[in-house]
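Participant: In case you want the letters, here they are:
Number of protein chains: 2
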Amino acid sequence: MTRTEEQQRKVEEAQRIIGRDFDDPDILLSAITHPSATEGKPVKFSYERLEFLGDSILGAIVANEAFHEYPELDEGGLTRIKVALVSGTSLAEVAEKLGFADVIVFGSSERGTGRRGLHSALENVYEAVVAALFLDSGIAGAQAFVRRTLIPKMSVEMAREPENPKSALQEKLQEEGITPTYKLVETQGPPHDRTFVSQVFAGMKALASGMGRTKKEAESQAAKTALDALGFTKASKADKAKAKREKKQSRTEKKNKG
Amino acid sequence: MTRTEEQQRKVEEAQRIIGRDFDDPDILLSAITHPSATEGKPVKFSYERLEFLGDSILGAIVANEAFHEYPELDEGGLTRIKVALVSGTSLAEVAEKLGFADVIVFGSSERGTGRRGLHSALENVYEAVVAALFLDSGIAGAQAFVRRTLIPKMSVEMAREPENPKSALQEKLQEEGITPTYKLVETQGPPHDRTFVSQVFAGMKALASGMGRTKKEAESQAAKTALDALGFTKASKADKAKAKREKKQSRTEKKNKG
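First to last, the sequence lines map onto chains W and Y. Per full-length UniProt numbering, the very first residue in the first sequence carries number 1; after that it's consecutive. Per full-length UniProt numbering, the very first residue in the second sequence carries number 1; after that it's consecutive.
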């Protein structure tokens, strides 16, 4: 494959950041190429397939490091460490610090995407680079890169249990002298398969409602939505994953229309 | 570690099923030991930590197989194949067929758990065995086991997009001559951060409500809940994972009390 001058320069800069020359630089070029730059070309020319593979390879590398580093932690603590380390925010931060922002190949439609698009591209490129290293030089190559760039952030603090949303909301509201109350507003479905809807109030004001398989779960969900609406939490990983899927879907729909 | 007669017999049988003698059979013993059999002992004596590691190793092995087997699939199709292959149902089925049900070491409190407890234990043991193989004989050992026992189930059919819940509900209800209708019943939060609640009706009868960040998402969620309530779907993977976490938590709480 012949590379443009921009592509060639970015591949070389990426190799410098990674600290390794690739046997097949085209794999690395795919790993740093945003889908906006490959419209109409086969899927293998952007980072999307590599991101899928890299996500799993990275998960295995991080799980293995945490498993050996913290022999006293149970699977709950280990899972929280892994989730924190491989979160979008964590990976985007690491990728930015390494200087990947300047080597991503964007198409013209994405150049103006701004901060948010860049954040997500940085995360994806980090995962895709892990896959590219795995394909080009085996698990050892991928592992060396992750150990150098991500594992130094790993800490036992990441294993701490998150607060439960009802206590968190109570704490926040009590700073303003308010105690939240809960009301069951609806019960759906047959007895063996109920869904509950609960509402949480600050005084007379309904803050949010939540659904769940138990009353407790519905209240917890309502508290969580209230915390989000009041701006006390960042978007959860699941929400972000969803937003990402929806963005991809709308991109696909656009492509199919165009 | 001295093993009881039951433990020794089960380790030998597990080695026969896996087709490999372990350098360190104690790792395999942990992988087939349900947490109910290790009360009061350190976490490493049951399969829970190994299940954490095995889940990630298995994910990487399956992702790698799918990536190479289906070069024409995009990351969405590859993800659906991976999710289907490593689902609880898929792993429990494979583990049962291999004969793992007879080698799991349960504690006395779990012997009467019945079908559901066994299903979840089979899934966990499969993942833990993958980790045990990885620790005892490297990634090649784990890969050989997964290739022999799980990968033969992999098919391109698994990459198909799931139906959207609104069409699925419409189809189901139209078999009975009913067209579902949707009503927006509530809007929460400030304009830039809205949550919508929609209800779905069959004639005058409210079937379910759903919440979402958009009206479309709220309706889709309502349709999904209605499908569940009407018994048209199996519990989702997320629901199952949640049920599993809650079960673990209640077990931990019991332990802490006792």
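The hints are simulated quantities; they were obtained by calculation from the structure and are not laboratory data. Check before you lean on any hint, since a few could be wrong.
No copy labels: a pair is met if it fits in one copy or bridges any two.
Said to hold, decoys possible - Listed next, the in silico BS3-like pairs over lysine-lysine satisfying Cα-Cα at most 25 Å (straight line): (1) 215 / 205; (2) 183 / 153; (3) 44 / 215; (4) 172 / 215; (5) 153 / 205; (6) 216 / 44; (7) 97 / 205; (8) 172 / 205; (9) 183 / 215; (10) 41 / 183; (11) 41 / 215; (12) 44 / 166; (13) 216 / 172; (14) 215 / 153; (15) 44 / 205; (16) 183 / 205.
Note that the structure is predicted; figures quoted are calculated from it, not measured.
Participant: With identical chains treated as interchangeable, where does the CA-CA distance between residue 183 and residue 153 reach 25 Å or less: within a copy, between copies, both, or neither?
Facilitator: neither (43 Å within a copy, 48 Å between copies)
Participant: Between copies, within a copy, both or neither: which fits residue 216 and residue 172 at Cα up to 25 Å?
Facilitator: within (20 Å within a copy, 31 Å between copies)
Participant: When Cα atoms must be at most 25 Å apart, do residue 183 and residue 205 count as within-copy, between-copy, both, or neither?
Facilitator: The answer is both: 12 Å in one copy and 23 Å across copies each meet 25 Å.
Participant: Should residue 215 paired with residue 153 be assigned to within, between, both, or neither, using CA atoms and 25 Å as the limit?
Facilitator: neither (38 Å within a copy, 39 Å between copies)
Participant: Given identical chains, is residue 44 near residue 215, meaning Cα to Cα at most 25 Å, within a copy, between copies, both, or neither?
Facilitator: Classified as neither; 47 Å inside a copy, 35 Å across copies.
Participant: One pair to classify: residue 44 and residue 205, alpha carbons no more than 25 Å apart. Within, between, both, or neither?
Facilitator: neither (52 Å within a copy, 49 Å between copies)
Participant: Between copies, within a copy, both or neither: which fits residue 183 and residue 215 at Cα up to 25 Å?
Facilitator: Both. Shortest intra-copy (10 Å) and inter-copy (24 Å) distances satisfy the 25 Å Cα cut-off.
Participant: Is the C-alpha distance from residue 41 to residue 183 at most 25 Å within one copy, between copies, in both cases, or in neither?
Facilitator: Close neither inside one copy (54 Å) nor across copies (42 Å); limit 25 Å.
Participant: Taking 25 Å as the upper bound on the Cα-Cα distance, should residue 97 and residue 205 be classified as within, between, both, or neither?
Facilitator: Answer is neither; intra-copy 44 Å and inter-copy 56 Å both fail.
Participant: At 25 Å max between alpha carbons, let me know whether residue 153 reaches residue 205 within a copy, between copies, both or neither.
Facilitator: Classified as neither: same-chain Cα gap 42 Å, cross-chain 53 Å, threshold 25 Å.
Participant: Evaluate residue 216 and residue 44 at a C-alpha cut-off of 25 Å and name the case that applies: within, between, both or neither.
Facilitator: For residue 216 and residue 44, neither the intra-copy (46 Å) nor the inter-copy (32 Å) Cα distance is at most 25 Å.
Participant: As a check of your reading, is residue 215 near residue 205 (CA-CA no more than 25 Å) within one copy, between copies, both or neither?
Facilitator: both (20 Å within a copy, 22 Å between copies)
Comparing the model with each earlier hint shows violations of hints 2, 3, 5, 6, 7, 10, 11, 12, 14 and 15; every other hint is respected.
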